[in-house]
Amino acid sequence: MIARLIPHPGLSAFLVLTWVLLTNSVSLNTLVLALLLGLAIPVLTASYWPDRPRLRSPVRLLCYIGLVVWDVIVANFQVARIILFMPHDQIRSAWITVPIDLPSPEALAMLAGTITLTPGTLTADVSADRKALLIHCLHAPDPDATRDDIKQRYEARLQRIFA
Amino acid sequence: MSLALEILVSAALVVGGIFGLIGSFGLLKLRGAMQRLHAPTKATTVGVGCTLIASALTGLAATQAASWHEVLVTAFLFLTAPLTALYLAKTHMLTTPPGELPPTGTPRDWSNRDAPG
Amino acid sequence: MLSYALTFALTCFALGFAMNVLAFARAPGLPDRILAVDTMVVNGIALIVLYGVKTGSGLYLEAAILLALTGFVSTIAFCKFLLRGSIIE
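Protein chains in written order, with my numbering: chain D, -18 to 144; chain E, 3 to 119; chain C, 97 to 185.
Treat the hints with care, as some may be off.
Claimed, not checked - Within a straight-line C-alpha distance of at most 25 Å, the following computed SDA-like cross-link-like pairs (lysine to any residue) qualify:
| no. | chain 1 | residue 1 | chain 2 | residue 2 |
| --- | --- | --- | --- | --- |
| 1 | E | Lys92 | C | Gly181 |
| 2 | C | Lys176 | E | Leu81 |
| 3 | C | Lys176 | D | Gly94 |
No wet-lab data here; the hints were simulated from the structure. Here the structure is a predicted model, which is why all the values come from computation and not from measurement.
If we strip away everything but chain D, and leave its shape as in the complex, we get (with noise of 0.2 Å):
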């Protein structure tokens, strides 16, 4: 019964937050109206999502965040470098394809997002049974050791979290 009325319980909590935040302001009138939006949309949309993704560790997840912001950070400074520094021809674009064995949509899509933010890599296109992913990257001398990198620093995490 509870799990029909309240299908995500994350999600309404993020619609929740997202309202205050929207309105800049914590009243009686703008809880309430959150509340029913909260309530409302994720009841609305359930048909679209139907599985709830089972987090085995919010810590983890947290920590996973971090790593993340980190790495957004350094990307950022090796892109602007080959940007500005490196001629043409001493870039070397490549294709790679990195085999995934993820349990749930939602984490495959966090590892795509991740990846599209950090150094020079970005995904373009999933298996059709979601079983690799494609991604370009910029500048890899090494496509093998980024395809290792990818696979140990982010997908190993992203297993520990989602049940």
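For chain D, the structure is supplied; the task is to place chains E and C on it using the hints.
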């Protein structure tokens, strides 16, 4: 506004401006459609992120109350940048010759060219 | 010092905006044009936020939120149109 805060805000503004400029410059300089996709998705997003940090700090100093709109804009930009890049990459793949892409290593093809069903 | 940094950032993003217009004009294909417009939107958000800092008004941030929302949706809609030939499936 205290001196330390002013230095922090100025640094955020300068770094943000430089990264924003680099992102737009990369769009002009890099060759090849996929290479060009890398520049704006990273540099520009962080450039705007730095600008928003500066805006949040000045707002905090001026009114003594936190404005949360900056947090929303930043979160929104960082959530949507990968999606925009993914869709643009998919659009580029339409014109990429099939032999250029590596094999998936699985029975099915890349979802962009895999026949439905 | 703050006003110098502000002017510097505004100049940078305005230059970036001009570069995007050039990239838009020189783009070899439609996907490149969409990319140029998308970058233009992001630069526009930065310009609006900076102008808000300059005038000391929080109202400009609401415009920035709206631009972030509509810019994202329009980019996805353009890409969807190129991918499928229709926007709503």
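Tested hints:
1. For the suggested pair Lys92 of chain E and Gly181 of chain C, the alpha carbons sit about 14 Å apart, so the restraint of at most 25 Å is met.
2. For the given pair, Lys176 of chain C sits about 19 Å from Leu81 of chain E by alpha-carbon distance, which is consistent with the 25 Å threshold.
3. A threshold of 25 Å between alpha carbons decides the hint, and for Lys176 of chain C with Gly94 of chain D the separation of about 19 Å falls inside it, so the pair holds.
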